[in-house]
Every structure is written in C-alpha cells, then in structure tokens.
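Engineer: Take a look at the letters that make up each chain.
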Amino acid sequence: MTFEKIINLSLIYATLRSATPIIYASLCAAITQQADILNIGTEGIMLTGAFTAVTVSYLTGSWLLAVIVAMLAGLVMASVIAVGHLKYGAEITAIGIGINMFALAFTKYMLNSLLGKTGSFTDPKIIGIPKVHLAFLDNSPALNELFNNWAVTEWFAFILVGILTFVLFKTVWGLRLRAVGKFPMAAQTAGINVTAMRYQALAISGLVGGLAGAHLSLGYSKMFTENMTNGRGFMGVAAMFFGGAHPVLTAIGCLVFGFADSIGARLQAYGVPSQFVLLMPYVVTVAVLAISMATKQSREARKKSALITTAPSTLTEKRG
Amino acid sequence: MSSFVVEMKGINKNFGEVCAVKNGHIQVEKGEIHALIGENGAGKSTMMKLLYGLFPHDAGDIWVSEKQIKNMTPKRAIDLGIGMVHQEFMLVNELTVLENILLGFEPKKGLTVDFATGRAQVQQFIDQYGLDIQMDKRIHQISVGEAQRVEIIKILSRGAEIIILDEPTAVLTPQEADGLFEILKKLKADGKSVIFISHKLDEVMKISDRISVMRQGAYIGTVQKTETNPAQLAQMMIGREVFLNIKKSEVNSGAKVLDVQDLWTSGEKEISKIRGISFEVHEGEILGIAGIDGNGQSELIEAITGLRKVEKGKVILAGEAITNLSVSNIRAKGMTHIPEDRNKRGLNRALTIWENIIATHIGDQAFSKNKVLSLQHSIDYANELAEQFDIRPRDVTMPTQSLSGGNAQKVVVAREVAMNGKLLVASQPTRGVDIGAIESIRSILEKVKEQGTGVLLVSADLEEILSLSDRIIVMFEGKISGTLTASEATDTKLGYLMMGGKTEEAAHA
Amino acid sequence: MRDFGKSLIRFALIIALSLVIGAIFIMIIGENPISAYAALVKGAFVGKLNLGKTLANFTPLMLTALAFAVGAKGGAFNVGVEGEVFLGGIAAAYIGIHWGFLPMPIHLLACFLGAMIVAAMWAFIPGALKAYYGVNEVCSTILLNYVAFYITSYLVSGPMSAGVANAQSDPVADQVKLYQFMKPSSANVGMFIAIIVGIIAIWILNKTTFGYKIRTVGLNASHAEYVGINPKHTFVKTMIFSGVLGGIAGCIEILGVHGYFLNNFAANIGFNGMLAALVVKNNLILTPFMAFFLGALKSGALGLQQATSVPKSIVDTITAVFIIIATMDLLFQFKKKKQIQQSDEPLKPEASQEKEA
Numbered sequence: 001m002t003f004e005k006i007i008n009l010s011l012i013y014a015t016l017r018s019a020t021p022i023i024y025a026s027l028c029a030a031i032t033q034q035a036d037i038l039n040i041g042t043e044g045i046m047l048t049g050a051f052t053a054v055t056v057s058y059l060t061g062s063w064l065l066a067v068i069v070a071m072l073a074g075l076v077m078a079s080v081i082a083v084g085h086l087k088y089g090a091e092i093t094a095i096g097i098g099i100n101m102f103a104l105a106f107t108k109y110m111l112n113s114l115l116g117k118t119g120s121f122t123d124p125k126i127i128g129i130p131k132v133h134l135a136f137l138d139n140s141p142a143l144n145e146l147f148n149n150w151a152v153t154e155w156f157a158f159i160l161v162g163i164l165t166f167v168l169f170k171t172v173w174g175l176r177l178r179a180v181g182k183f184p185m186a187a188q189t190a191g192i193n194v195t196a197m198r199y200q201a202l203a204i205s206g207l208v209g210g211l212a213g214a215h216l217s218l219g220y221s222k223m224f225t226e227n228m229t230n231g232r233g234f235m236g237v238a239a240m241f242f243g244g245a246h247p248v249l250t251a252i253g254c255l256v257f258g259f260a261d262s263i264g265a266r267l268q269a270y271g272v273p274s275q276f277v278l279l280m281p282y283v284v285t286v287a288v289l290a291i292s293m294a295t296k297q298s299r300e301a302r303k304k305s306a307l308i309t310t311a312p313s314t315l316t317e318k319r320g
Numbered sequence: 001m002s003s004f005v006v007e008m009k010g011i012n013k014n015f016g017e018v019c020a021v022k023n024g025h026i027q028v029e030k031g032e033i034h035a036l037i038g039e040n041g042a043g044k045s046t047m048m049k050l051l052y053g054l055f056p057h058d059a060g061d062i063w064v065s066e067k068q069i070k071n072m073t074p075k076r077a078i079d080l081g082i083g084m085v086h087q088e089f090m091l092v093n094e095l096t097v098l099e100n101i102l103l104g105f106e107p108k109k110g111l112t113v114d115f116a117t118g119r120a121q122v123q124q125f126i127d128q129y130g131l132d133i134q135m136d137k138r139i140h141q142i143s144v145g146e147a148q149r150v151e152i153i154k155i156l157s158r159g160a161e162i163i164i165l166d167e168p169t170a171v172l173t174p175q176e177a178d179g180l181f182e183i184l185k186k187l188k189a190d191g192k193s194v195i196f197i198s199h200k201l202d203e204v205m206k207i208s209d210r211i212s213v214m215r216q217g218a219y220i221g222t223v224q225k226t227e228t229n230p231a232q233l234a235q236m237m238i239g240r241e242v243f244l245n246i247k248k249s250e251v252n253s254g255a256k257v258l259d260v261q262d263l264w265t266s267g268e269k270e271i272s273k274i275r276g277i278s279f280e281v282h283e284g285e286i287l288g289i290a291g292i293d294g295n296g297q298s299e300l301i302e303a304i305t306g307l308r309k310v311e312k313g314k315v316i317l318a319g320e321a322i323t324n325l326s327v328s329n330i331r332a333k334g335m336t337h338i339p340e341d342r343n344k345r346g347l348n349r350a351l352t353i354w355e356n357i358i359a360t361h362i363g364d365q366a367f368s369k370n371k372v373l374s375l376q377h378s379i380d381y382a383n384e385l386a387e388q389f390d391i392r393p394r395d396v397t398m399p400t401q402s403l404s405g406g407n408a409q410k411v412v413v414a415r416e417v418a419m420n421g422k423l424l425v426a427s428q429p430t431r432g433v434d435i436g437a438i439e440s441i442r443s444i445l446e447k448v449k450e451q452g453t454g455v456l457l458v459s460a461d462l463e464e465i466l467s468l469s470d471r472i473i474v475m476f477e478g479k480i481s482g483t484l485t486a487s488e489a490t491d492t493k494l495g496y497l498m499m500g501g502k503t504e505e506a507a508h509a
Numbered sequence: 001m002r003d004f005g006k007s008l009i010r011f012a013l014i015i016a017l018s019l020v021i022g023a024i025f026i027m028i029i030g031e032n033p034i035s036a037y038a039a040l041v042k043g044a045f046v047g048k049l050n051l052g053k054t055l056a057n058f059t060p061l062m063l064t065a066l067a068f069a070v071g072a073k074g075g076a077f078n079v080g081v082e083g084e085v086f087l088g089g090i091a092a093a094y095i096g097i098h099w100g101f102l103p104m105p106i107h108l109l110a111c112f113l114g115a116m117i118v119a120a121m122w123a124f125i126p127g128a129l130k131a132y133y134g135v136n137e138v139c140s141t142i143l144l145n146y147v148a149f150y151i152t153s154y155l156v157s158g159p160m161s162a163g164v165a166n167a168q169s170d171p172v173a174d175q176v177k178l179y180q181f182m183k184p185s186s187a188n189v190g191m192f193i194a195i196i197v198g199i200i201a202i203w204i205l206n207k208t209t210f211g212y213k214i215r216t217v218g219l220n221a222s223h224a225e226y227v228g229i230n231p232k233h234t235f236v237k238t239m240i241f242s243g244v245l246g247g248i249a250g251c252i253e254i255l256g257v258h259g260y261f262l263n264n265f266a267a268n269i270g271f272n273g274m275l276a277a278l279v280v281k282n283n284l285i286l287t288p289f290m291a292f293f294l295g296a297l298k299s300g301a302l303g304l305q306q307a308t309s310v311p312k313s314i315v316d317t318i319t320a321v322f323i324i325i326a327t328m329d330l331l332f333q334f335k336k337k338k339q340i341q342q343s344d345e346p347l348k349p350e351a352s353q354e355k356e357a
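Chains as they are written, first to last, in full-length UniProt numbering: chain Y, 1 to 320; chain R, 1 to 509; chain H, 1 to 357.
Don't take each hint at face value.
[What the hints assert, rightly or not] Below are the DMTMM-like pairs computed for lysine to aspartate or glutamate, each with C-alpha atoms no more than 25 Å apart in a straight line:
(1) 87/Y with 31/H
(2) 108/R with 127/R
(3) 137/R with 300/Y
In short, the hints are calculated from the structure, not lab data.
Just chain Y, same shape as in the assembly (with noise of 0.2 Å):
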C-alpha cells in the first residue's frame, strides 16, 4: 500500500532530525515571548552560533568548547537586542531583522576574511558533535533505526524541552517571568525588577540561540554555509505561536512543521504537490490564532455584559 510507503520508520526519523533545529530555534523564540518580548533576531542568533561552532571547532578541534563559545556568540547577539530594546527603545521586530541581516552578512564576512571561503566552508579538522551509540537498540530494528547514532544535541533539544517547562512552570524564576510577560505592574508590585527579568530572558535566549545554531553546523551537519539557517528561525518563532510560547506545545508545533517538510517531500513523488502540505501548518496556527482570539473576546464581552447578572464563577458559595 502507498500509505504504507508513505508513512514508515525512516519518514519518521527524517521528521525528528529535522525538527531539532527548529525546536531550539523555537525555544529560543518562547523565552523571550514568556517576558513579551517577540525575538525575531532567533535567525540571526542561530547563524552567529552555526558559524562560531564550525570555526571554533574547526581551529581547536574541541566540539563542546565549540559548543560553548558558539552559545556566548548567541548571547552577545541577544544582548545587543536587549540593550537596543530595553535601554534604546528600539523597536523589537526591527532590530531583531536587523540582527538578522548583520548576522547574514557578518558571517559571510567573517568566512571570507577568517576562514579564506565563500560560499561554504568544510574540512576534515571540523569536529562534530558525538553521536550516542545505544548498543541495547541493535537488537530491535525499528528501534534501531529510529533513535540509534543520535547526535548529542538531538537528544538534549528534547531535555531541553523538559527543563525549560520545568524551569518556566517550577522554578521560582519562571514564575516571575511568566508574570512580568503577562501582567508586568504586578509583578513590579510584588517587588521584583521586570527589566533585569526581561534582559535575562533574552540573555538565556541567546544562549539557546547559539546552542541551536551549533547543533545545525555541527550536530545536524558538519559544515558552515551561508545564510545556513535558511528560515529555521522564522519557523521557529512560528512553531512558538503555534505552541502558544509553552515549551512542549512550542516542540510539537516543530515536529508537526517537520512532519510537514519530511511528508512533503514524499507525497511529491504521488502528485500531491509538496507545498500544499507544507504551507498547513502556518495556515493552521493562523486559525489557532484566530478561534483563541475570538473566544477571549467573546469571553471578556460577557464579563462585560450588562445582562449577565452573576459573575462567571458561582462556585466560590460551594467552600464556606
């Protein structure tokens, strides 16, 4: 059955590895957006990481000290959004396609005038992120082919899911944040500084930023080329509207964009043109959008209403 050739193990595998980049770029999309602040600079900060990690790793032969340095890139791209932002009043989509554009054309420069390429760069001295060999897996064929010879980094983008939501949602930290993105005068009230919570935010945005861009460069691929990111970030401030900025819903949102982009790909060759399946995802996050918006309006103008004459919740005579 074709169904069958459509949907099989290796479509999944190729959804997971794809996903992975666009679920950092999403994660560092949701950080800022838990602090209200719409990071479009995710692009740039994924770029500026591809490259650091690949030049990093390519001079030291380390891959985690490539790792590392390429997340300090992120963060000292980030950190000039902040500033622009928070100190500057810069606007923040604007200076987040700003950063792009530096990014784009910095790291063309830099491979140009550092490394001596254009184009691409790729060599042998690249070391690339490990993969994990689970030698239990070789026995069960399915298993085998699905989660054997990982990159570390793909299996962390999955952990680092988990603890942000637990970061976000346990943690002392995130409860601030998720209050100063909400409601920043009450949490002003409450005592805490919204602005140093919204410079962390990005702060930690941009190491995430970068660790995305190292894991494309050197997890996901073992090379640097220009303009490497083509759209990730893009796609992954779009999976975080699509997950609402909650970590895990935001991670779905990019396995459903990658399941997508790896089904597309295949229906192809059936005559349902790619594009088609491709474009739903946006379509359907516009329509989650749209019905969240409306049943939040609709929800308020009742409130409103003059001839609802209890309020929403009766059951507070439930208790006493």
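Given chain Y's structure and the hints, the job is docking chains R and H onto it.
Structural biologist: Same frame as chain Y, now just chains R and H:
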C-alpha cells in the same frame, strides 16, 4: 512621639503643576477600621499611594509604627507590614490563584517554588479569616469578588498588619460587599488596622470606627463614626463654595429631543453596568447628570452616542430611533458630543487644530470635494471658529498637544457646538481646565440651550451641575437614584443621593 | 521643521558611526577605508550599469517601504509586505502570460490591476483578523508570508511551470514587458511607474479624506471612533492599501526585471522595505530616500567588491549596523530619553488622571 500605627502629617504632593495633595493628614490607630472619604480627585488614593511608596512625597512626614520613614518604596512598605489592595487588581490573569499569591515571596525549595508549603500557608489564612478562594483556578476564571479576596490573602501572606483598600466595593455587587465587610471585621478583631477608601456613606457608616474626610487635596477633619451622621459627612465632603456667577436663563423647553427608554448596556465594572435607565431631554433644556465617577455615567453616554452597544432598550433622537446605529449615522441625525476625556477621545493630539476641527466634517461637500480635502476652506473655517471661541494661540496649524488644557478643550467645544446639532452631550466639559475657560465654556453651554438645543450635561462637579441644569438626575451604581428640579436641588441633597442615599432621606438632609 | 533638522543630524551621526565601524572592518583586512568608500560610491552611481543597478534596487524597495509606512500610518505593523509582493507578482505573471489576446495598454493595465487585487485580498486577511478578532498582525503576517511563498512556489513548479530546471513560469508576453532603459542593468520604466504610484500614495495619505481617516485611526483609534470614523473598517482598508502597493512592487519586478515569475524572487524585498520605513519612523517623504540609500548601498557594495579586495559582505555588515543603531530611538536623543523613561513608570498615569479630576 506618636502612638498611631500610621501617621501622615503635612503631606504635599504635586504632579507637574497640579497639586494632588496639600497638607494631607491622617492618623490611624491600631486595630481600627479607618475610612478615608472624599469626592473624586480629593486626593485619597494619592495619599495612600504615597504611604505605600508608589511615588515619593514632596513634603511632610510619614510615621509607621512610631518610626519615621523617609524614602518609602513598595518593598519597604511591605517590610513594614503595609499591604495595599489597589483599585485595579494586581493579579496576573493567566496565572493560578496560588501562583499569584506567592509571586515575589515564594517559599523556595532550591530553585523551585515550594508550592506545598505555600499552599499550606495560604490555607491557614483561608481558615483563619474565612476567605473563600479556589487556589488552583486561574484569575480569569474567578469572579471579581473572589479576586479581591485573593488580593487580601496576598497581602496578608506578606505579613501585612496595616491594610489599605482603595475603593474596594466599587467593583463588587452588594452581596459581595457584605462579604467583604465580614472579612474586614475579622481582620480588625485580629488586631489588624484597616484603611478603607470610599465615597459611599452607607458603607462608611456601616463598617468604620473613625472617618477622615478630604476635599480637593486637603484634609478636612476626622470624626468618630458614633458622633456623626451621613448628612454631616456629605457636607464635609462637598463643602460650601462660592458659585461662579452664571445667570440661569428662563427654561423654555420644547419638544422631546432625546428619549432614553429602559436602556441596558455593558460596563467596565459591575457597578457601572447600566441596567434599565429611562429619561428625556427637551429642546432648550439642560439636563444634568450628577454622580461620582464610575457609577455608569461614561457607559450611559457611550451607549447614547453610539460608542457602546446597547444591549436592551431604545434611544430616540428627535423622534428617530438611533439605537446601535453607527457613530457617523447618529451624528448625521443631529447628535453632538463633548466627550469626558479630551485627550483620549476628544482630540487627536498629534494633529493640528484645523485637522481636529474638521474631524466631523470630512464627509461634507464643502470640506472635501470628491474625497479630496479642501485645505483652504478647512483652514478658513477653523480660523473662524478659533476667533469665535477665542482659541489661543490663534494659529490653527499648531498641533493640539501644545495647547493648554483650556484651549484644547475649547477646540473640542468649538467643533461640536458649531455643528448646530439637535442635542449636545457634554460630558465633564470643564474638567482640568483653568477658571477662565470654565466660565467661557459654561456660558457657551447656556447659549446653546437658549438657541433651543437640548443639552445633556454629565459632571462630577456638583457646582457645575447646580449652576447650569434645569433638571438633575443622580446616578448611583448604574441606576438613577433620584430626580430633582433645579429649584429643589441643593449640593447636600445631591451629595447624599450621589453616595447612595435614598430620595426620601435626601429631602431631610 | 526643527524636528526634521534634528532627525537629519541624528542620521548624520548614525551614518558617521556606521562608517567608522565599517572602516575598522576594512582596515582589519588590510585595505584603505577611504579608497574603499570611494569605490563604494563609484559602484553605486558612476557609469550606466552601476547607476542602473541602484535604480533597479531602489524601485521595489521604495514601494515596499511605502507599503509598510502606509500601514504604519494606520496603526498596522505589516510584516506581510513580502507575501503581498509574491502574490502580486504571480497574478501579474499569470495575466502577462495568458491574456496576450488583449491589446497592449489594456493587457498591461490588466497585469497591474490583477496584481493589485490579488495582493489586496491577501492583505485583507490579517487586516480583518486584527480588526475583528484582535489577532496580532505581526504574528499573522509572518505566518502568512510562508503561505504566500508556498502558493507561488507551487504554481511555478506545477501548473505554471516553464518546465526548466529552475522553478519559474513561462515568460510573459513581450508587449507587457517593461522597457529596460539602462541595459545591461535591469532598471526599467517600472521605476517611473513606482515613483508616480509613490507620489499618489503620499498624496492620498496627506490630502484625501481616506488618508485623513487612516492617519486619524493610526494616531488615536478611540478618537476616530468618536468623530464617526469606523476604526475597524479603516484598519482593514489600510491593510488593503498597503497590499496594493506591495502588489504593484511584485508586478514591476516580474514585468520589468525578470520577465517571468522566478520562484522566491522577492526574498527580503519586503523586509528591507520595512527596514527602510522603520529607520525613518515611517515618514512618508523620507521613506523613498531611505529606500534609495539602501538600494545604492546594495549596488555600491558590488562595485566595491569588484574594484577592491573588500568583500560585499562588509558593506552589508555596515548596513546592518546602521539599521541596528538607527532603530534605537533613544540613542543620540539624550533629552527625550529622560522623558520617556519617566512616562514608562507604570504607576504614574493613574496619578495624572487623578490630578485632572
């Protein structure tokens, strides 16, 4: 040396050039419920925000628990055991009740919030004061009354001994308000001190031990509840002032120009929802609507002028139903409107005087031939109005944001009055303008009336209502609490009705 | 006028700062910054090809910048200009290819009208979603850009494909191709169309009742509502207006530059236009000049790369630095900064309300 838990002496606070509090004064004893009353803008909230350290005071001393405190900040205030429930709740809608209570003062277990400990702490307060809340609901799922209880627990859990409530009953239904009073009594029994801001006399009489009155930023006096009565309080709040001199012209009222029948409309707060209001305005008459801000006047006016959806009932302008028509349609039928907030609605501050003047004319042939604005005609017209209404400076290409309050308001008045409508709705027409402009705007309203236009005047300023209106209705909590003719109205009577008194009682006030 | 002078001084400072940063980059690779900058200017303006390239870059940028600025005047942050360019382009291509039976002027007009209508319909979607449901237009337009890209990508690799290696459509009829007057550059008469369209757009915004409504809603929607201008309708119309301009940009690119629809031809045209507008705070008069400036930098960078060993990416880096600095409103405006910080204090507005009461 002070034996009070809170003592504020000689407090002054200016915002820019405007004086919000001058020589403010309050002394709160431990374990009492102290009401702080006064009209809108009397400086009550400002006094309490100064006590809470939301902004610094210009002069005066603040003593808390017999210690003089300089440089108060919210953090400091919290440490000193002061808690404040703001008029607008400081609660994050998307977070749960428990998360909101713990925010900023989380019990910690390593880096994480120790929700179990927090929950137990909150449960203690719930049990102790009978504060009924559901900890796992999100704020947007609970009622306003419950949200207020959440606010109270929040400040209690931060160790508050001195609790400030800024007009807490404004957002509540009467039943919820009774529930709140029970809680306040328990707090008092527990030795906490409560400062209760209000302008409703019945509740002040019901719950407080002592009452301090403020008027126009100044301290008027403090009385024991047992030694006063609502009429005396109303008089202290309203005061007696010299009226600006306006000769009231003969009432020459003609046909019905506005007929509001059983109007229902939504409200921002529970008490500002309009539930069944009916009244009429006649040609050549000024009908004044008195009331303390936030009792539904804004919503009523918006519903009449097409800015808010009418949920039930009818609005009829000169015989034509205008219920839920578009604003431009309603205006075309002869409605003109000076809105309560000139900066938000009345003016487009970034645009010039002439652009603001023609805002309601852009559909007219004279101002726009084939949808192209006729610049010369517009400027000529604006110049004409500037001359007629004495708008200064006399340069109509100036942006309105550079005008003084009085001249900015004159731009709005000029635009609306020059429309020569059948009805002029004037909402707080002299709010925040200088004395000269007040007089000229009031005399313009008189003239409009003499020309036979019906005028619906909304004002929180009793003096304005009394000096201009031919008939007066008083609004309280979204309903009409009384209707008076000009001859029988006095400031005390009105003040009494505005604060929820009954008409029969008002007669004796 | 004083503000105008101030913003010019501010720009001069920002450009100077960017040039200094750029000079450091250039010196790092061992070149002389002065001669590099001279080559940059030469590459942008000297010679038919160079000047032609600048003009060709300028044309779509000016339209997309105005499209964004027009939206901003009406209170819309329209990131979706790019999608409008794509869809306008595909509509123009379709009509250009298939409606050759029409006589020339009508055929050309049909291409433009088709592009305008399709792009307008596209812009209507986020406009209506914002006006009636409150969906943030930044989110929806970012997402819809992808949808627009995939739709056109499908069309030129499927039904409208020319069947060559690249995803592209058949060429449009010769009669609707816009004359390229500075060959071998792709500068074409579309530039004059764009300039006329730009002037009309600015005129509409400043002189007509429609423009008055847009500006009123953009500055103060509740005031607009009160004087009888429906803010929701006007917002949707503003988005449509913005879409029309984006559509025209797409049409000119297809008929004037490429002659067929090339997949992903508009990459970054929308974004760069948006930046041009943002940098000048959506000032309609300055927007075209900023578009020209960015267009000149782009072609100058190429000239620089050819004349010296300085790579084009340095100029792109400097441009990005310039834009990043220019977005920071409070930089070089020390006096204003203080005011804004004060008004940022969230608890103050309440107090100022009370003082008026």
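Engineer: Next, verify each hint and record whether it holds.
Structural biologist: Now the hints, each set against the structure:
With a CA separation close to 35 Å, the supplied pair residue 87/Y and residue 31/H exceeds the 25 Å bound. For the given pair, residue 108/R sits about 23 Å from residue 127/R by alpha-carbon distance, which is consistent with the 25 Å threshold. Of the supplied pair hints, the one linking residue 137/R and residue 300/Y holds, its CA atoms being roughly 17 Å apart against a limit of 25 Å.
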